[in-house]
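Participant: Letter by letter, the chains look like this.
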Amino acid sequence: MLVRFWGTRGSLPAPINHKTVRAKLREALLLARGRSLDTPETVDAFIDRELPFSVAGTFGGNSSCVQIDAGTNEFVVCDLGSGVRDFGHYVLAKHKPPQGLRFNFFMSHFHWDHIMGFPFFAPAYVPGNVIRIHGCHSIMHEAMVRQQSAPCFPVDFERLGATIEFVPLEPGRVYEVAGVSVRPMKQFHSGDSYGYRFTKDGKSIVYSTDSEHKFETVNDSYPFVEFFRNADLVIFDAMYSLAEAISVKEDWGHSSNIVAVELTQLARAKRLALFHHEPAFDDKMIETVFAETVRFEEISRDGHRVEVISAYDGLEIVI
Amino acid sequence: MQIEETRRGAILVLTPVGRIDNETGPAFQTRLLAEMGGGGATILLDLSKVQYISSAGLHVLIAATKQSKALNGRFAVAALQPIVKEIFTISRLSHVVPIFDDVTAAMAAWS
Numbered sequence: 001m002l003v004r005f006w007g008t009r010g011s012l013p014a015p016i017n018h019k020t021v022r023a024k025l026r027e028a029l030l031l032a033r034g035r036s037l038d039t040p041e042t043v044d045a046f047i048d049r050e051l052p053f054s055v056a057g058t059f060g061g062n063s064s065c066v067q068i069d070a071g072t073n074e075f076v077v078c079d080l081g082s083g084v085r086d087f088g089h090y091v092l093a094k095h096k097p098p099q100g101l102r103f104n105f106f107m108s109h110f111h112w113d114h115i116m117g118f119p120f121f122a123p124a125y126v127p128g129n130v131i132r133i134h135g136c137h138s139i140m141h142e143a144m145v146r147q148q149s150a151p152c153f154p155v156d157f158e159r160l161g162a163t164i165e166f167v168p169l170e171p172g173r174v175y176e177v178a179g180v181s182v183r184p185m186k187q188f189h190s191g192d193s194y195g196y197r198f199t200k201d202g203k204s205i206v207y208s209t210d211s212e213h214k215f216e217t218v219n220d221s222y223p224f225v226e227f228f229r230n231a232d233l234v235i236f237d238a239m240y241s242l243a244e245a246i247s248v249k250e251d252w253g254h255s256s257n258i259v260a261v262e263l264t265q266l267a268r269a270k271r272l273a274l275f276h277h278e279p280a281f282d283d284k285m286i287e288t289v290f291a292e293t294v295r296f297e298e299i300s301r302d303g304h305r306v307e308v309i310s311a312y313d314g315l316e317i318v319i
Numbered sequence: 001m002q003i004e005e006t007r008r009g010a011i012l013v014l015t016p017v018g019r020i021d022n023e024t025g026p027a028f029q030t031r032l033l034a035e036m037g038g039g040g041a042t043i044l045l046d047l048s049k050v051q052y053i054s055s056a057g058l059h060v061l062i063a064a065t066k067q068s069k070a071l072n073g074r075f076a077v078a079a080l081q082p083i084v085k086e087i088f089t090i091s092r093l094s095h096v097v098p099i100f101d102d103v104t105a106a107m108a109a110w111s
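Heads up: the sequence lines are chains A and B, in that order. Mapping to my numbering: the first sequence position 280 is 280, numbers consecutive. Mapping to my numbering: the second sequence position 94 is 94, numbers consecutive.
Derived from the structure by calculation, the hints contain no laboratory data. Among the hints, erroneous ones may be present.
Stated by the list, open to error - The calculated lysine-lysine pairs, modelled on DSS-like cross-linking and capped at a C-alpha distance of 30 angstroms, are: (1) A/K270 - B/K69; (2) B/K69 - B/K85; (3) A/K214 - B/K85.
Can you make the complete structure from the sequences, with help from the hints?
Facilitator: Here's what the structure looks like:
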């Protein structure tokens, strides 16, 4: 399987502005002083190997959207945040004519940042395409119609060209969709949210965002340890610091990098992708949190190493 | 877990020994919150003998900070070992829980 991150930002898209771009350019040029960068190859090597990611790139600003490419002829995607716009353009570029396509979206929940991309998902306007929106909330259809109603958007949901179906799921049950086994899990978040464990050919990917973990102690009996057990990749909502998550932002429905590491270590997961980045954080801050999380994983490791990744828009991970 | 106890005037200094984690956290929290009693207590947690603190232990410190404020008491930690200090930084607990370099500094501040 291949995981493509189209949107990794939490709560609200967070585009960078001209000042940020200028600051990156300035830092790159300062770091380039005294170096021989006479050819495109040496420039590429300098950018790719020597500049910090926060200078050479960006974690991106699109809200939640993650594709699980299982190598089948149907698309499997988690959430419809603003990143789904880029996913739609990617699909259109690959499939000409872009008709007869089948999409399966798995919804963590229907807060705005997780559905806002759908009105800009171009394949939804193409007759002949089939879009199945899977989820555990009873208000799936209502939420999607509301966001695309006047005066919020000029094209009503019911006027979209594709055939759109809503598929209700129950947490705890296993479903076979597009050649992949999917198990939803209820999470603590305002209005509830749901994580999904995708399994194919013995490999598992867990998508668990907008999920607060409320406990005094973490141990094997905590249900999420079982949900993450031996997963090849856990995509985890690490929006807040631990201190925020259990003090001023308690009950806001998000979790921390500390809890992410502890749960994935207990579950013996292989990789942890920090996800749903705080929109107030710039690239340097996200990079700092990433480095700190890698360090915490080292400090807290008890025999089993979890590889820590900080997800960014455009990241691809082969499972 | 072993918790050493000394009293310096009105200040109770508790010195836990070892790790504050899933195993030791619940009992440690019970003891710490009990010491806060009916309110107004001044408690300094000397962490000089703590080698590691997990999220369970950090929860305890947040709970103690909240309870102390609610009961008009005083609560702080002191003498963090390097690893524990790193965990305080990574978790941002240093923004929430008052920290002193050592017990002497806490005594001076509270005297």
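Participant: Against the earlier hints, flag every one the structure doesn't satisfy and list their numbers going up.
Facilitator: Number 1 only.
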